Structures are given as structure tokens and as C-alpha cells.
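Peer 1: Residue numbers (my numbering), protein chains in the order written: chain A, 924 to 1254; chain B, 924 to 1254.
Hints were generated in silico from the structure; no laboratory data involved.
Keep in mind that the hints are not guaranteed to be accurate.
Heads up, the list lumps identical chains together, so a pair's fine if it works in one copy or across two of them.
What the hints assert, rightly or not - Below, in silico cross-link-like pairs of lysine-lysine (DSS-like), each with a Cα-Cα straight-line distance of 30 angstroms or less: (1) Lys926 with Lys1091; (2) Lys925 with Lys1091; (3) Lys970 with Lys1246; (4) Lys957 with Lys1246; (5) Lys1246 with Lys926; (6) Lys1145 with Lys1132; (7) Lys1246 with Lys1103; (8) Lys1145 with Lys957; (9) Lys1174 with Lys970; (10) Lys1132 with Lys1091; (11) Lys1145 with Lys1091; (12) Lys1091 with Lys1246; (13) Lys970 with Lys925; (14) Lys1091 with Lys1103; (15) Lys1132 with Lys957; (16) Lys957 with Lys1174.
If you're wondering where the values come from, they're calculated on a predicted model, not measured in any experiment.
Number of protein chains: 2
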Amino acid sequence: MKKQRFDVLAIGNAIVDIIAEADDDFLAQNGIIKGAMNLIDMERAEKLYAAMGPAIEASGGSAANTAAGVASLGGASAYFGKVNSDDLGRIYAHDIRAGGVEFSTTPLSGSPPTARSMIFVTPDGERSMNTYLGACVELGPEDIDADTVAASAITYFEGYLWDPPRAKEAIRLAAEIAHKHKRSFSMTLSDPFCVDRYRGEFLDLIRTKTVDLVFANEAEIKSLYETSSFDAAVAELRADCEAAVVTRSEKGCVVLAHEETHAVPAWPVERIVDTTGAGDQFAAGFLYGITNGRSPVEAARIGGFAAAKVIEQIGPRVRGSLKQMIADAGF
Amino acid sequence: MKKQRFDVLAIGNAIVDIIAEADDDFLAQNGIIKGAMNLIDMERAEKLYAAMGPAIEASGGSAANTAAGVASLGGASAYFGKVNSDDLGRIYAHDIRAGGVEFSTTPLSGSPPTARSMIFVTPDGERSMNTYLGACVELGPEDIDADTVAASAITYFEGYLWDPPRAKEAIRLAAEIAHKHKRSFSMTLSDPFCVDRYRGEFLDLIRTKTVDLVFANEAEIKSLYETSSFDAAVAELRADCEAAVVTRSEKGCVVLAHEETHAVPAWPVERIVDTTGAGDQFAAGFLYGITNGRSPVEAARIGGFAAAKVIEQIGPRVRGSLKQMIADAGF
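Based on the sequences and whatever the hints tell you, model everything.
Peer 2: Structure, rendered in C-alpha cells:
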């Protein structure tokens, strides 16, 4: 077995977040589905940007946020994702590397530009995303560095990767390499609408054991199994996969491992500012935990802590060291 | 007299802020003067960026922050400043216009790129800026739209404009137009080191009454008059200019108008997060106040309120409506 260099390798759409406040009326007037990731083309991106208030920019992308979270917790992480070699792409590469994540995917030259997501945060802290995929459409199997996959305890990817055309080939290749090297392969279902777009393929990934560990929230597993019953969805998920973690916002999460089920409460949130990245940081904490000798329940508590910290601030990655924050919290 | 269209026209260096946390050791190791605006070239910018932690980006620039603050308070404001037509320049133009500020300075094509300032925020909330001026070096008299100057009750500029080579010509032209139309002309001294670089010229602007209203903080007037005595500096400033406001952080500010002196206490700050933009928002509140029928003391209170709000968050411009916040605070 290859020497382990990384606890977690994350693969996803590399996206710069453009974050502004908006009210619910704005979402309705502009046809934005609240709480969801809305895919948009360049024309709509320009129209929405013209309507958007003053914004701030922060590097994001679901799986990249998770890789950054793992590093912030003190773990070793790597990331594959496609940016352009433009200004935003350089900012993106800076931020993820400066956060301690190994990142060396070759940036795209020429068009399309680095992906961006316009995120509208409503007064309740909920985020509604509007993503122009840009350079992400070029991520393909040639971007999978086999040595990195082989050297990572867990490779984790986002379901959102089914949106660009060639990333799924990259994921299938990575899964093959990971399993050949007796490594784990994990995914997040990303978003209930994403699940709706790729339900059959996601179920296939789970049922064929291409994926060993599934991250999802309540809405996503209900969408996956087309049921309004949480318990029914959990029962189906348990039958289909070896291990899963289902997050339920303020209700905490449910860890399904082998025959066992553990409900783990959420970490209290002082003040909900912006929920962007909550699920990503939960995954970071859980993945860090299980790759660093913690039990699934302990790992879920770390995940809940990291999620709470990112909800208390603007932006998808926690500013400052999660490792220090956990020490300060007396974990 | 031309019909007034704007309460405030602000002119300054148009800069995107790149903001990260750092500790005092980092500043010392990298030769950054704490609390100051450090001018850097492209080579040093790249070196510092490589050493910088994960950052977020927000549109900044001292006078532009003031224009945005005036608009957020419900006033009418305009801005002149030079960006490039690159990605950061488009983001910059978006943010200032989306904040309600009239902005139509022609962007630069080709190099240099849009200016950026790497801002390191230490745990005490103090910000230390490292500015690469980029496209700002091209601001010149051709960027002064005479109709806008003539239609603005006050034209306000930042002392930092003495750093790029041609902006001072632009300012002298603007002053001439403003005074021809019986409008006020105002400046901020910007930074004690900036005052040190241009002491003679700044004193000349004040003594020749090119500038009618001076904004400064305690360190800046001490630098201007090369004294360690606040009272001595205030006495000299009073003798030299018609009106001035001197801010003193948590000690509030001193308003000098004609023979009168008014000390106005600071607005309480709940939690110091990032002092970036505090002076700019103070100026916004004061300028909004005096152009909207308030007394200088009332205007200073509005300035103190706006400064407090920006200190409680990350970034140089207040997110949300200052007008609403003032209403909520029961002013």
C-alpha cells in the first residue's frame, strides 16, 4: 500500500463566491430558488450581477471548502478542481494553498473564465446560489493525479460534478484508483435539485459500492428516494450503502455505520449570519475525525462544531484556525 | 449656480482590498508598518501575497468608501477613480454603482491592472495596508468631469492622491471648478506617513484655501505640524483653515468650525473586528450630515455612528443600509 500523504483528497467545481445580502422579494422577483444551487449561463450571470447589491468575493466550491476545513482542523488535504489562469483563478489558487491545501490542477488558458457563484444571503442567514460553471466544464480524467489519489486515505467528491460534462469520467477513474489502493471513496449528494437531475446515476454509484461513504442532508435523501418520509429515506439509504451521515440543520445529524445508528446533536450557533459552507464544513470535520482515529460519533461532533463556526460568519470557509477553536472550546 | 445633483463627489485611488488575518509577528517579519498604508511595487506585492493567508476581496479605496457611505446614508454621491477594465476593475465598478454611487470614470485598457491593497488585520482589529497602485497612476485632469464637480455641494478627495503622479493636477482642476461654482472643497490627510511625504504641499492646499474643510486624525495633524502635542497641532490647524474635523478613535472627535470647538464622543463599538474604513465612514457621515441640513455636531455624531458600524464587521464599507441602521438606533 502506498504511503499515506493526505487524510482527504477533495474533488469539485472550483468556484469564486460573490456574496451579497438580499431579501426574499429579490429572490422571487429574479426567479431564484431559495436555498438551492441554481445553474446559470453567462447571459443570466450578467443580468443577475447587474441587479445584485455591493458584494464581497471569497474562494468557495463545495468540496474545496471541505478540503480547506480539513486543513484548518490540522489534517492533510489535497484538492483537484479547474480554474482559469485569470485574476479570479489566481486568487482562488492562492486562497486554497494559503489555507494549507495541496492544489496543483493545471489552470485553463483562454476561455471560459474561472467559475463564479452569486450568493444571495437573506436575513434568515439562508444562502441561495447562482452558479456560472465557467472553466469547471473542462475538468476531466487528465486532471486526476493517480499518485495523489493512491496516497489519500479518503477521496471525496461533490455530486455537483455531474453538472459539467466530463468530470464524471474523472470521478470514475479516481474511484478505480482509490479502490485499487484500498482507499475509501466518498461523496456528498450536494443539493436536492442536483439529486433530482442525477438520481439514477447517484443511486448507481452508491449501490455498486463505487462510493463507500455518503454525505447528505435530509432534503437530499428524500429527493434521492422520492419520499417525504425521513425515516423511509434513511431505511433505504442504510440498505443501499455501507456508511452515511445525514445532516438535519439545527437537529444535528444521524450517522449510519454498519448496523448502528447514532443521532448526534448540533453544536449551538451563537448567531446565524450566513449558512454558506455549513454542509461543507460538517463534512470536513467528519472526514478529519475518521481519518484521525476518532469514532464516527466523535467525528460527527467535530463536523457539527466546524459547521457552527462557518454559520457565524460571512463566507464559505472559516477564518482562523479550526484546530485552535476546537482547543479553545475544550473538546 | 448649477443645479445640485450630488451632496458629495469623492475622488480617490480606486483599490480592491484583499483582506486576511495576521498576527503582529507577521507584520514585523515582513517589514510592514502597523496601522499604516505601505506603498509597494508589483514585485513586493507578489512576494507578500505568497506569504498571505486565505483572504477575501472587497472593493475599497478611501474616498470611494466615503462615497459609498454617503449613499448608504441616503445621500446622493458620485466618485472619480481609475480602475482597469480587467476582472477586478469590473467587480469594483459593480460594487460602487450597486451601492448607489454615480461612477463613470473611463477604465484603463492594457496595463497596469486594477490597484489592490493587501490588508492584514491583527487580533486587535488594527489594519495594516500594503497598496500596489496599478491603474491609479493613470488618473489625471482628463478624468475630471466638470459638470459633476459643478453639481456637487462638496467635492472631497484623499491625500493619498499625491502618491500617483498625475492625480494632483486633477485635484487642482477640480478645486478650480468647484470654487468657480461656489462649491466646497474638502480633503482627508489620509495617513501620517502620507502627510510626511507631502507636508509642504498639503499645508499649501490648506493655507491657500484650496481646501475649505479638512478631515484628519490625531496622528495626521501631529505629523502635519511636526509636534507631539495634540493641542498645539489643533491650534495651528485652526489658524490655517476655516473648518476641520479631527478624529481620535475611541475618544471621539473634535470639530473646529469658525471660532468654535466641539468635542463629540465616539459611538460605542460592540466588538472591534476590523478598523478598515473607520475614518472613511466617519467622513461619510459628517459630509452627509452637513450637506443635509445638520449642524456640525450632529454631523459628527452621524460620522461616529457610521465609523462604529464598519468597525464591527470585516471590510471597508458597511453591509446593509446605514440609513436603516440610524433609524433603528433611534437617532
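Peer 1: None of the hints should be skipped; say for each whether it holds.
Peer 2: Results for each hint:
1. Lys926 with Lys1091: within (27 angstroms within a copy, 62 angstroms between copies)
2. Lys925 with Lys1091: Classified as within: same-chain Cα gap 25 angstroms, cross-chain 63 angstroms, threshold 30 angstroms.
3. Lys970 with Lys1246: Result: close only across copies, 27 angstroms inter versus 41 angstroms intra.
4. Lys957 with Lys1246: Between. Shortest inter-copy distance 27 angstroms satisfies the 30 angstroms Cα cut-off; intra-copy 32 angstroms does not.
5. Lys1246 with Lys926: Answer is within; shortest intra-copy Cα gap is 24 angstroms, inter-copy 59 angstroms.
6. Lys1145 with Lys1132: Within one copy only: 20 angstroms inside a chain, 71 angstroms across chains, cut-off 30 angstroms.
7. Lys1246 with Lys1103: neither (32 angstroms within a copy, 61 angstroms between copies)
8. Lys1145 with Lys957: Classified as within; 18 angstroms inside a copy, 53 angstroms across copies.
9. Lys1174 with Lys970: neither (37 angstroms within a copy, 46 angstroms between copies)
10. Lys1132 with Lys1091: within (16 angstroms within a copy, 68 angstroms between copies)
11. Lys1145 with Lys1091: within (23 angstroms within a copy, 64 angstroms between copies)
12. Lys1091 with Lys1246: neither (33 angstroms within a copy, 49 angstroms between copies)
13. Lys970 with Lys925: neither (49 angstroms within a copy, 35 angstroms between copies)
14. Lys1091 with Lys1103: within (18 angstroms within a copy, 67 angstroms between copies)
15. Lys1132 with Lys957: neither (33 angstroms within a copy, 55 angstroms between copies)
16. Lys957 with Lys1174: For Lys957 and Lys1174, the Cα distance is within 30 angstroms only inside one copy (20 angstroms; across copies 44 angstroms).
Going down the numbered hints, you'll see the structure goes against 7, 9, 12, 13 and 15, while the others check out.
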